[in-house]
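Novice: Single-letter residue listing:
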Amino acid sequence: MATIDLAITPLRALNENLHALSNGTNDTEWDVLNPEGRHAVAVGLDAPVTVHVHGPVGYYCAGMNKQASVIVHGSAGPGTAENMMSGRVVVKGDASQYAGATGRGGLLVIEGNASSRCGISMKGIDILVRGNIGHMSAFMAQSGNLVVLGDAGDALGDSIYEARLFVRGTVKSLGADCIEKEMRPEHHALLADLLEKAGVTDVETRAFRRYGSARKLYNFDIDNADAY
Amino acid sequence: MCGIVGLFLKDKALEADLGALTAGMLATMCERGPDSAGFAVYGAAKDGKAKITLQSPNPDADFDGLAKKVEKAVDSSVKLDVRATHAVLSCKASEADAVRAALGEIVPSVRVMGTGNAIEIYKEVGYPTDVAKRFDLKRMSGTHAIGHTRMATESAVTTLGAHPFSTGPDQCLVHNGSLSNHNNLRRSLIHDGMSFETDNDSEVAAAYLTWRMKQGLDLGQALEKSLEDLDGFFTFVVGTKTGFGVVRDPIACKPAVLAETDDYVAFGSEYRALAGLPGIDNAKVWEPEPATVYFWER
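Protein sequence lines correspond, in order, to chains A and B.
Everything in the first sequence is counted per our numbering, starting at 1 for the first residue and increasing by one.
Everything in the second sequence is counted per our numbering, starting at 1 for the first residue and increasing by one.
Hints should not be assumed to be uniformly reliable.
Here are the computed distance ranges between Cβ atoms for each label pair [as the list claims (entries may be wrong)]:
no.	chain 1	residue 1	chain 2	residue 2	range
1	B	A16	A	I8	26 to 34 Å
2	A	D27	B	D231	46 to 54 Å
3	B	A20	A	P10	21 to 29 Å
4	B	M151	A	K66	30 to 38 Å
5	A	R215	B	I251	22 to 30 Å
By construction, these hints were calculated from the structure, which means they are not laboratory data.
Positions of the beta carbon are idealized from the N, C-alpha and C atoms, including for glycine.
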């Protein structure tokens, strides 16, 4: 187990150490102390290692993650796990704006609330939020799954393409071209799998409603102008 | 980009540390706004007294003997505490208008940064930690403070363009964002008797709140109204003699974090600004909701 205290070691040294790791490394467990809201903690990882960050982080924590598990024992600032490719990022507290934005793969779990624009332009990532999400979440989402155990804010799924949105609580409003869709058996199965992967055992899939694209805005059609 | 910090104390025991805590918070926000900085400190208010914060481009010449000249002009005693380019002039509240008029005659190059019973405002061009050091923020005490580090977007990098903006007694506002209807709003506020010293959009927001409070609204109500009348991106932190308010626009792009304990309420553009506060590990920390007014009063 390697321990890096950011009150002593510069952040750049932490990220350099983490970037030097590769498949087969023996240094698979890392503890990061005193992040104190620093930006870009544990970004750009590309090795199957686990990094525990003990405390709140600032912007862009665990961005561009590949393979690694990054667990933040605290809250996270804007852009957490932005453009994640694979692996797993867990935020034990709340996450700020645009968590998981443009993510292409992997799993992001936020145990508290996520604020606005969660999963904006998601492209394959799976995101599970135990609390609520803010307005404009999953805006222009293209693929992947967003699971919300709490409530969703205004304009959920605005201009959405093919991502699937599962919300257990209320949805304040749906964005352009986002509609409620039927929960068929395959969606229950998919959702059950996502809940299991995220370690959620206390809710059932039938408590969720599914939302997705009406597919009217794929190509510009003047008759749909009002929908924008 | 800009960085904002604010600290509103509930625990009297922390009042001696207000300046040091605020300086620490401001220092973390240098990267968000390295061109200018400023802060408002609400300190020792005395009944019947007024404070006028002055700024001069030539402090040695302008402040030398100024108290005596003002005393002679208004035939009453005043006190002048000089801090670098700024000075706080204390006088009887009933004579504040006469003192301001006399200042205009005696030292026309001196600018009034703020007036009131408790507020002192210090702001200058420069790197925020240098600005805080120049005014010895660390040793200031008081009940609440608001600070700003500026990355200029809407108007020139000048002392007057720095935040906080104070457009009414004991009022101040700091802003991160940009307003899109400030020119129209400025024209309408001028029509209603408000005056402006800069082309800065944030000054319009400050004057707007002053104008609303002059109509009898409290700060919380004025902030509610601002959500209807101000267009653009904003996170505002505002202070009055006894109050501390936060509001974000409905889109809420501009970052904001609030923290509350039994001892204080603190605001930061980022969590970094709050990391050094006492008891922060056990504080309630949250991101203020869009289009929602948060307001505390002692």
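Novice: Using the C-beta atoms of D27 of chain A and D231 of chain B, is the stated range 46 to 54 Å upheld?
Specialist: Once the Cβ atoms are compared, 52 Å apart, the range 46 to 54 Å for D231 of chain B and D27 of chain A holds.
Novice: Against the range 22 to 30 Å, how does the distance between the Cβ atoms of R215 of chain A and I251 of chain B compare: consistent or not?
Specialist: holds (27 Å)
Novice: Given the range 30 to 38 Å, decide if the beta-carbon distance of M151 of chain B to K66 of chain A lies inside it.
Specialist: holds (33 Å)
Novice: Given the hint of 21 to 29 Å, check if A20 of chain B and P10 of chain A actually sit that far apart at their C-beta atoms.
Specialist: holds (25 Å)
Novice: Between A16 of chain B and I8 of chain A, does the C-beta distance stay in 26 to 34 Å?
Specialist: holds (30 Å)
The structure meets every hint from the earlier list without exception.
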